[in-house]
Amino acid sequence: MKQWLKLALLAVAGCSLVWPVWRIARALPPFGEPTGNYGPEVNRLGPPLRHISNMVSAVNFDFRGIDTLGEEFMLLAAVTGTVLLLRGIRGEDTSAAPDIIAGRALAGRAESTTVICRLLGPLTVLFGLYMAAHATVTPGGGFQGGVVIASGFLLLYLGEDYSAWRELIRSHIVAALEGGGALLFALAGFLPLAEGHAYMENTLPLGDFKDVFSGGLMLVENVGVAFAVAAGFTMLFLEFMEETRSLEGDGDK
Amino acid sequence: MQLVPLPVALPLAVAALLLALAHVVPERLPDIVATLTALAVAAICGVLAVHAALHGELVYWFGGWTPRPEAVLGIAFGVDLASACIGSFIGLLFAAALLFAWGYFDEVHAHFQVLMLLFLAAMEGFSLTRDLFNLFVWFEVMSVVAFALTAYQLEMPSLAGALNFTVTNSLASFMMLGGIGLLYARAGALDFEAVGQAVTAHGSDAVAIGGFCLLCAALMIKAAILPFHFWLSDAHAVAPSPVCVIFSGAMVSVGLFALAKVFLQIFGGSAEAHFLIRNLFLSLGAATAVVGGLMARAQRHLKRMLAFSTIAHLGIMLTGLAAMSSAGLTGLLVYFVGHGLVKGALFMVAGILLALRGSVDELELYGEGSGLAPAGIAMALGGLLLGGLPWGVMDAGSRFVSDAGAAVAGPGTEAALMAGAVLTGATVLRAAGTVFLGLGAEPDPEEVGSPSAEEQEKANRPLWLMMIPCGLLLALALIPGDVAAKIGIDAAQTFGGASPAGPRPALPSALLSWISTAVTVGLASYDLLRHRLPEAMAQAISVVSRAPVHALTKLHTGLVSDYVIWIAVGLGCFSVVLAFG
Amino acid sequence: MSVLPWLVAAWLFGAGIYGIVSSRNFVHLIGCLSVCQSSTYLLLLGIGYRWGGVVPVFYDHPPGTKAVDPVVQALVLTDIVVGATVTALLLAMAVQVDRKYRELDPQKLRPMRHEGHQ
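Chains as they are written, first to last, in the numbering used here: chain D, -4 to 248; chain W, 73 to 653; chain S, 326 to 443.
Here chain D stands alone, though its shape is the one from the complex (with noise of 0.2 Å):
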């Protein structure tokens, strides 16, 4: 089909969408006045039905813990897709000497960058286990601190020379934490079953509100989350870093 043809056809489907986005634009409830009453209910049930104060970790880990599960997979299943497909030409070992890009100059690290990031990394890996641990009283939670926790590690990387930082984030270690932390939040939800309740219903004590503490079971799935989301981002930046690295010989499968 020749290049216009396919863009006409484009403007013309996009053209008979207009006048339905606009009805629908018009019959939805006006922006700050939402109609529902699943959120307002939320928030008037869930300090004193679990006992903590961050309503969106209470619908990730409680309400809709199930959800947060089938995500938590979601992410295990790209990470392993993504080693996979990374892994299947380059192979399982690991090599020291960087990709050489013919015309562009191998630059060396400057010190201020190596001290800089030793600061940094540390104190960002800390802040993003203050940001998950705390997931039950302060915005933030498993996913949000393991980001943090994984971009801390990448900070490391860029003060580091390769090969160190390679002996210092194995990636069975990686693999292993990452299975673990999902292993660790779908048993979390047998534990109920084998009480007798459904599954993933919350029967931990619940502490005090406003205590780091509180939650019950969601603190058992919010740290099977960190681990995993930080082991899932870690290993995505290994992978990918590899591909920087020359391949010995021919990478071929």
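If you are wondering where the hints come from, they were derived from the structure by calculation, not from laboratory data.
Here the structure is a predicted model, which is why all the values come from computation and not from measurement.
Careful: at least some of the hints might be erroneous.
What the hints assert, rightly or not - With a Cα cut of at most 25 Å, we get these calculated DSS-like pairs of lysine-lysine:
1. K205/D <-> K391/S
2. K1/D <-> K626/W
3. K626/W <-> K391/S
As the list claims (entries may be wrong) - Restraint-style ranges between C-beta atoms, simulated for each label pair:
4. K558/W <-> Y426/S: 46 to 56 Å
5. L108/W <-> Y125/D: 50 to 60 Å
6. G389/S <-> C10/D: 46 to 56 Å
7. E28/D <-> L108/W: 48 to 58 Å
No residue lacks a Cβ here, since even glycine has one placed at the ideal position from N, Cα and C.
The hints should help you fit chains W and S onto chain D, whose structure is shown.
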């Protein structure tokens, strides 16, 4: 009932465990563990099905969040007979595929088995859930795993096919999310029943019908209905055979299953939804069947041919849904299982040819199939079943669907559906004859250059090992139609809460099936023996059929930009049809 | 305007679709897919917003203060994870395509070289 979360939670836990221990497990263990898990899931769903048949639908609230008077706060799984049976079938198909893939994916430290278990869990969740966003989450997990598995071969065709698959299905998930957002804005809830009540209470409403259109478009992209079907042939042609078994056998059909659920449980009371389905889906289904059949005939790459035949059969299933009657729904459910079994077996035959003869091109394999007699018999039987052989589960389903379609839209629909089935069945028979018996004209040596890159699959498994799951699936497909019909009718009665309109349907007569089979065999014979016909006659016939097929083939460019344009056109069709409602 | 967020969401989706259709670079296509996705974020978060509502975290405000909808925020959290995962997969595919074939133009990436039987 404590078993309900297990079909989802068990494969997830086992997958996480396998991943955590990936580097220390001995070599065969992941295969064994994964196959056993799939069988366990099938068994659990079977128990749930029996329970649903005896005691009616079971609704299981996760986290103990049973509905409150002000709002429905939790997520539920609704286990009725249909969902449990489909869940059991999916588990069985996975067990067969994992058995077939034994030893296939050796070098990857259990990653393949992990992905397959996640796929299984997602499909089980997708079939059982009663919550809109939960449906989306399992849809996404299914899709992500499928994207990764499609690109596995890492050759240009696999990567291009995976790109097409990923972009189109990601757009589907965004549309689904948009639809869910609109429905949430209207209903303030995400549970099917709660949203359904809100939609019915609101009457004619642009937001609700807009949400319905987006959901339908998303699920139809997954189910590969015209004009959203383009990605399927690309993805199937390049994915590994065990994965194709799952794609064609269950993944695409489950999209239509979810569409039926969403329609019946949420939009059963919406007049616009009924209008859209009656006027658009029926024609789309018939068109998909015919186009799929014609394109299948034009293929020489066996997996791509089977992919187009899947598209045709999904068009037939959509017609069953669009009829909106008890018979149509029964047809949909029975056809799901029947088609899945037959198509799974056929993809296994393609995998056998790829592993043992190193090619999947019909012309390149001319006569090479001798020595693989069991595979040849399986392929011929599969072709006959696709073409309408009046025995077994698939035939029962297609009789119900044709009957329902004719009742709503006249004999034209029946003819279109039969055309689709005949074209696909004849193509598979033709391929079987060419490959295994060396019938048909000797291909021109110049033409024998595979249209895709060199394909190979591991040849380390003996024929008998690969034939076991194939034979098992075909044996199940040959379960007498009456048994399948009885279960299907019961399942359709309780599907979607209220029973659909009309009295209990009965299995229609086999007349159309005999006609269909006869035409299939006739067409296949013509294809295989054409070179013995007088030149003029063969020329005349081919001139007539060549032009439309050539035009259709030109439209299937393989470029992702074209596919996205067709998705936009499809959405435009929805809005145009609704404008007349 | 009370319909502005919905119109902007629709516009973002349309712009993303146009970008995908006219893209000549695989990585640009992945970016356009992200643009399509951000329209869903806007739609969902816009649906949950409440004038004068606070963050649904009752640490500084007492429980019972009018707050925005936490459910859509949780949904968007899932959506973001979905986006990140699909982007990672697509980028891995892009890396492989570039490494093996030195070609990143989607208009030149076809699964089959040519079609046809007879």
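Verification of the supplied hints:
1. K205/D <-> K391/S: Judged against 25 Å, a Cα distance of about 19 Å means the pair holds.
2. K1/D <-> K626/W: Within the cut-off at roughly 13 Å; holds.
3. K626/W <-> K391/S: At roughly 58 Å apart (the allowed maximum being 25 Å), K391/S and K626/W break the hint.
4. K558/W <-> Y426/S: 46 to 56 Å: 54 Å, holds
5. L108/W <-> Y125/D: 50 to 60 Å: Between L108/W and Y125/D, where Cβ atoms are some 42 Å apart, the hint is violated.
6. G389/S <-> C10/D: 46 to 56 Å: Given a distance of about 48 Å, which is inside 46 to 56 Å, the answer is holds.
7. E28/D <-> L108/W: 48 to 58 Å: Cβ of E28/D to Cβ of L108/W: about 54 Å, so the range 48 to 58 Å holds.
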